[in-house]
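Input sequences plus hints: build the corresponding full structure.
Protein chains: 2
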Amino acid sequence: MPHTLPLVHAGALGSDLAIEQDHGAVIRRSILPGGVRVLTEQIPGMRSATLGAWIGVGSRDEAPEHAGSTHFLEHLLFKGTQRRTALDIAEEFDRVGGESNALTGKEYTCYYARVIDTDLPMAIDVVLDMVTSARLDQADFDMERGVILEELAMNEDDPGDVIHERFTEAVLGGHVLGRPIGGTPEIIEAVTRDAVWAHYTQHYSPAGLIVTAAGGVDHDAVCAWVHDALVAGGWDLAGDAVPVGRRDRFAPVEATLTPEVRIRRSELEQAHVLIGTRGFSATDDRRSVLAVYNAILGGGMSSRLFQEIREKRGLTYSVYSFGAPSTETGVFGIYGACTPAKVDEVERLMAYELERMAEGVTESELERAKGQIAGGMVLRLEDSYSRMSRLGKAELVYGDLWSIAEMLGDVRAVTADQVRTLAADLAGRDRVSVRVGPA
Amino acid sequence: MPHTLPLVHAGALGSDLAIEQDHGAVIRRSILPGGVRVLTEQIPGMRSATLGAWIGVGSRDEAPEHAGSTHFLEHLLFKGTQRRTALDIAEEFDRVGGESNALTGKEYTCYYARVIDTDLPMAIDVVLDMVTSARLDQADFDMERGVILEELAMNEDDPGDVIHERFTEAVLGGHVLGRPIGGTPEIIEAVTRDAVWAHYTQHYSPAGLIVTAAGGVDHDAVCAWVHDALVAGGWDLAGDAVPVGRRDRFAPVEATLTPEVRIRRSELEQAHVLIGTRGFSATDDRRSVLAVYNAILGGGMSSRLFQEIREKRGLTYSVYSFGAPSTETGVFGIYGACTPAKVDEVERLMAYELERMAEGVTESELERAKGQIAGGMVLRLEDSYSRMSRLGKAELVYGDLWSIAEMLGDVRAVTADQVRTLAADLAGRDRVSVRVGPA
Chain A
0 MPHTLPLVHA GALGSDLAIE QDHGAVIRRS ILPGGVRVLT EQIPGMRSAT
50 LGAWIGVGSR DEAPEHAGST HFLEHLLFKG TQRRTALDIA EEFDRVGGES
100 NALTGKEYTC YYARVIDTDL PMAIDVVLDM VTSARLDQAD FDMERGVILE
150 ELAMNEDDPG DVIHERFTEA VLGGHVLGRP IGGTPEIIEA VTRDAVWAHY
200 TQHYSPAGLI VTAAGGVDHD AVCAWVHDAL VAGGWDLAGD AVPVGRRDRF
250 APVEATLTPE VRIRRSELEQ AHVLIGTRGF SATDDRRSVL AVYNAILGGG
300 MSSRLFQEIR EKRGLTYSVY SFGAPSTETG VFGIYGACTP AKVDEVERLM
350 AYELERMAEG VTESELERAK GQIAGGMVLR LEDSYSRMSR LGKAELVYGD
400 LWSIAEMLGD VRAVTADQVR TLAADLAGRD RVSVRVGPA
Chain B
0 MPHTLPLVHA GALGSDLAIE QDHGAVIRRS ILPGGVRVLT EQIPGMRSAT
50 LGAWIGVGSR DEAPEHAGST HFLEHLLFKG TQRRTALDIA EEFDRVGGES
100 NALTGKEYTC YYARVIDTDL PMAIDVVLDM VTSARLDQAD FDMERGVILE
150 ELAMNEDDPG DVIHERFTEA VLGGHVLGRP IGGTPEIIEA VTRDAVWAHY
200 TQHYSPAGLI VTAAGGVDHD AVCAWVHDAL VAGGWDLAGD AVPVGRRDRF
250 APVEATLTPE VRIRRSELEQ AHVLIGTRGF SATDDRRSVL AVYNAILGGG
300 MSSRLFQEIR EKRGLTYSVY SFGAPSTETG VFGIYGACTP AKVDEVERLM
350 AYELERMAEG VTESELERAK GQIAGGMVLR LEDSYSRMSR LGKAELVYGD
400 LWSIAEMLGD VRAVTADQVR TLAADLAGRD RVSVRVGPA
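Chains A and B supply the protein sequences, listed in that same order.
Everything in the first sequence is counted per numbering that gives the first Met the number 0, starting at 0 for the first residue and increasing by one.
Everything in the second sequence is counted per numbering that gives the first Met the number 0, starting at 0 for the first residue and increasing by one.
Treat the hints as calculated values from the structure; they're not laboratory data.
Take the hints with a grain of salt, since some may be wrong.
Using 25 Å as the maximum straight-line C-alpha spacing, the simulated DMTMM-like pairs for lysine to aspartate or glutamate come out as follows [as the list claims (entries may be wrong)]:
1. Lys311(A) x Asp193(B)
2. Lys311(A) x Glu362(A)
3. Lys392(B) x Asp382(A)
4. Lys392(B) x Glu381(B)
5. Lys105(B) x Asp284(B)
6. Lys311(A) x Glu98(B)
This is the structure:
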């Protein structure tokens with residue numbers, strides 16, 4: 000498969016690279032002193048810029064007794080630095096109408112901001128101040144614990160969140176990737192500031208940092224601003240440190256599935272059901288085959304699940320399939336919600352469609368799915384957040400950055416036979432069924 | 000106040016109009032035979048196009064015994080036309096990776112699609128086929144009833160949805176604008192196909208239709224495609240019918256507030272609280288003053304509510320204020336969710352901040368709020384959906400379309416004194432308190 004822009008693997012250091020995309024967009028990548036990676040995509044005519052600061056650490060990197068501390072740390076970075084209070088940070092973005100937030104995943108943490116392009120120097124200065132110079136004051140720590148507990152309670156009250164979390168746990172068993180990102184209320188109540196501080200100092204370093212920016216950006220200017228902000232934050236950029244490599248495949252996943260999980264919520268009007276199996280890893284060669292398969296099974300209004308379960312039978316408002324890949328494994332699932340009396344019927348229909356995919360797909364389904372993926376890809380390009388995010392994930396998760404043309408080509412090459420083979424594989428795997436709702 | 004582009008009021012027909020926006024975007028408006036209005040905004044360099052078909056009819060236009068039928072009708076338009084099945088409609092958009100959906104409000108219904116610009120003729124043809132030639136087959140009607148009931152159940156299971164709906168009811172009392180958009184399960188179970196068909200034939204007509212499009216669009220081509228699609232749909236475009244005028248102020252709102260509403264959900268981890276009052280109408284002269292006021296009180300991370308309730312006290316994950324305007328009235332509220340033991344304290348703090356606004360705001364808060372609104376406005380311009388939507392609401396709700404420069408100027412002119420006066424007004428109004436959660 001064609002990889003236009005090889006990114007860094009486990010310590011291998013390339014020189015600066017540039018790639019021209021369709022419609023005049025240019026992607027560039029540089030490694031600054033200290034091993035800091037900077038990737039930008041300059042998009043002609045775009046007035047916004049989205050910035051991301053990525054650290055390749057997520058909930059999977061936590062000791063079980065500190066589960067949730069990566070997410071806790073992410074919150075604490077907004078609470079103030081050596082130079083700025085929490086209010087200062089909030090005001091910097093609010094006064095220019097910018098959006099800033101962060102996300103903690105299982106394998107990485109990302110702090111991001113979307114601003115008008117002329118405000119990008121400010122965004123870089125503030126976000127990297129947070130990354131380099133967080134204070135983690137004890138008083139802030141204690142206060143933020145309450146906010147985290149409210150966030151966990153909010154997720155626990157959302158049956159859609161609950162079912163997806165329990166599903167991943169059930170499929171991946173005791174594997175670290177099966178653990179919820181936010182931890183549990185018990186652990187959050189007990190975790191100490193020192194444990195989170197240790198997590199911070201261990202993982203946040205020049206060689207572990209990736210800065211990505213997309214939109215109305217100039218690569219050389221971004222590199223200079225990043226450099227200045229890191230120096231101002233007291234980070235040592237001397238020497239030719241080697242960037243921390245992308246996480247590679249770990250020991251094989253030996254987790255045991257839990258075939259059936261039932262969470263009772265007697266006050267709910269709807270029953271939620273999620274069935275599925277072990278899926279594919281992020282770097283699996285069948286990435287595009289899976290995308291086509293998923294589009295046909297449950298990726299849109301014309302998909303089999305939507306047509307059979309919602310359109311023909313009126314059983315659900317929401318029904319879809321999805322894949323969620325990680326470094327060494329992944330999950331694949333089908334979700335729906337319906338009136339409790341119909342949940343057996345809905346689950347049976349989901350399983351039937353999952354199995355029927357192994358009988359093959361029609362040429363017209365194949366063409367429709369390819370068009371859907373290609374069109375969606377082009378439409379997403381108008382969003383500077385998507386493009387910033389693509390750069391970070393290429394570096395951290397995929398290890399390669401494909402041009403849009405290459406991605407489209409790979410999708411176009413998928414055959415009905417490949418889809419059928421993948422479908423038979425998925426249909427034959429051990430399956431999990433999770434339900435949340437009235438008994 | 001400056002209005003660059005006067006739109007149609009209660010039957011007054013202007014000639015075709017054009018307005019040049021910042022950065023080369025051009026807005027044009029035409030009235031086709033039959034009174035069909037077409038508004039476009041061509042945005043240089045944008046590859047997507049978003050199309051909207053608007054009808055000025057919403058839940059407020061329903062007889063109480065048919066409440067929810069506008070929303071029901073919106074669903075039914077996707078179930079097939081004289082020329083297309085439901086699957087055909089879904090496939091048309093899926094095969095090009097487009098997004099299509101619709102929304103039913105209290106005062107309008109909008110069917111929209113976002114596609115690559117070269118797919119716009121298809122989008123116009125399909126959306127207007129749905130608008131002109133819906134079948135509303137009895138079998139589809141019965142099937143879709145189940146989907147609607149699932150949607151209502153889903154909303155009922157979301158405490159955030161429930162509290163906002165009950166709040167509006169409590170503030171607007173028996174007024175039609177206080178009624179939920181989707182109706183109740185009892186009415187949906189009982190409503191007949193004939194009642195919905197009557198609703199359709201009464202409101203869907205050339206003079207009631209507004210088509211808006213933004214992005215990579217050419218105005219003259221859009222007008223031609225719209226004309227052809229309506230003729231193909233059998234609509235009579237002969238004659239010089241006058242467009243249905245924008246809804247004007249109705250009889251004064253005399254609804255009585257319900258000061259306290261308590262919904263018990265004993266399984267929830269969080270208690271939700273929403274306090275507020277009657278607000279301002281969409282065309283109130285204080286629109287920009289309210290925007291500044293809201294930004295300072297609860298519109299961002301640096302707002303008073305976020306700082307006092309989340310940052311300083313760690314009581315909530317989510318807390319914000321909002322205004323929701325309609326033709327002749329509106330609501331203004333403050334929402335938060337917290338652990339049940341703290342709900343009294345959170346509500347007290349919300350009320351305190353609402354009242355403290357009447358003591359005035361600082362110059363620095365004023366400047367920050369103006370910057371926030373201006374920056375957010377510019378960032379939203381990159382989204383062709385926002386711009387499509389702005390055109391439809393200008394025509395249906397506001398009666399005027401301001402250029403971005405005019406909107407920014409109006410915001411910049413807001414004084415601290417105006418904000419204080421509005422704050423005192425709101426703080427002095429009768430207040431409602433709604434809670435959802437464990438007793």
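Requested in this report: With a cut-off of 25 Å on the C-alpha distance, tell me whether lysine 392(B) and aspartate 382(A) pass.
Outcome: OK: lysine 392(B) and aspartate 382(A) at ~24 Å, within 25 Å.
Query - lysine 311(A) paired with glutamate 98(B) [C-alpha distance capped at 25 Å] - result: 21 Å, holds
Query raised in the report: Taking 25 Å as the top limit, are the C-alpha atoms of lysine 311(A) and glutamate 362(A) close enough?
Result: Within the cut-off at roughly 22 Å; holds.
Query - Satisfaction of hint between aspartate 284(B) and lysine 105(B), Cα-Cα up to 25 Å - result: Answer holds: lysine 105(B) to aspartate 284(B) is near 22 Å, not above 25 Å.
Query raised in the report: Does the alpha-carbon distance linking lysine 311(A) and aspartate 193(B) stay inside the 25 Å limit?
Result: It holds: about 21 Å lies between the C-alpha atoms, which stays within 25 Å.
Requested in this report: Given the hint that lysine 392(B) pairs with glutamate 381(B), test it: the Cα-Cα distance must not exceed 25 Å.
Outcome: Distance ~18 Å between lysine 392(B) and glutamate 381(B) Cα, so the pair holds.
When held up to the earlier numbered hints, the structure conflicts with none and fits them all.
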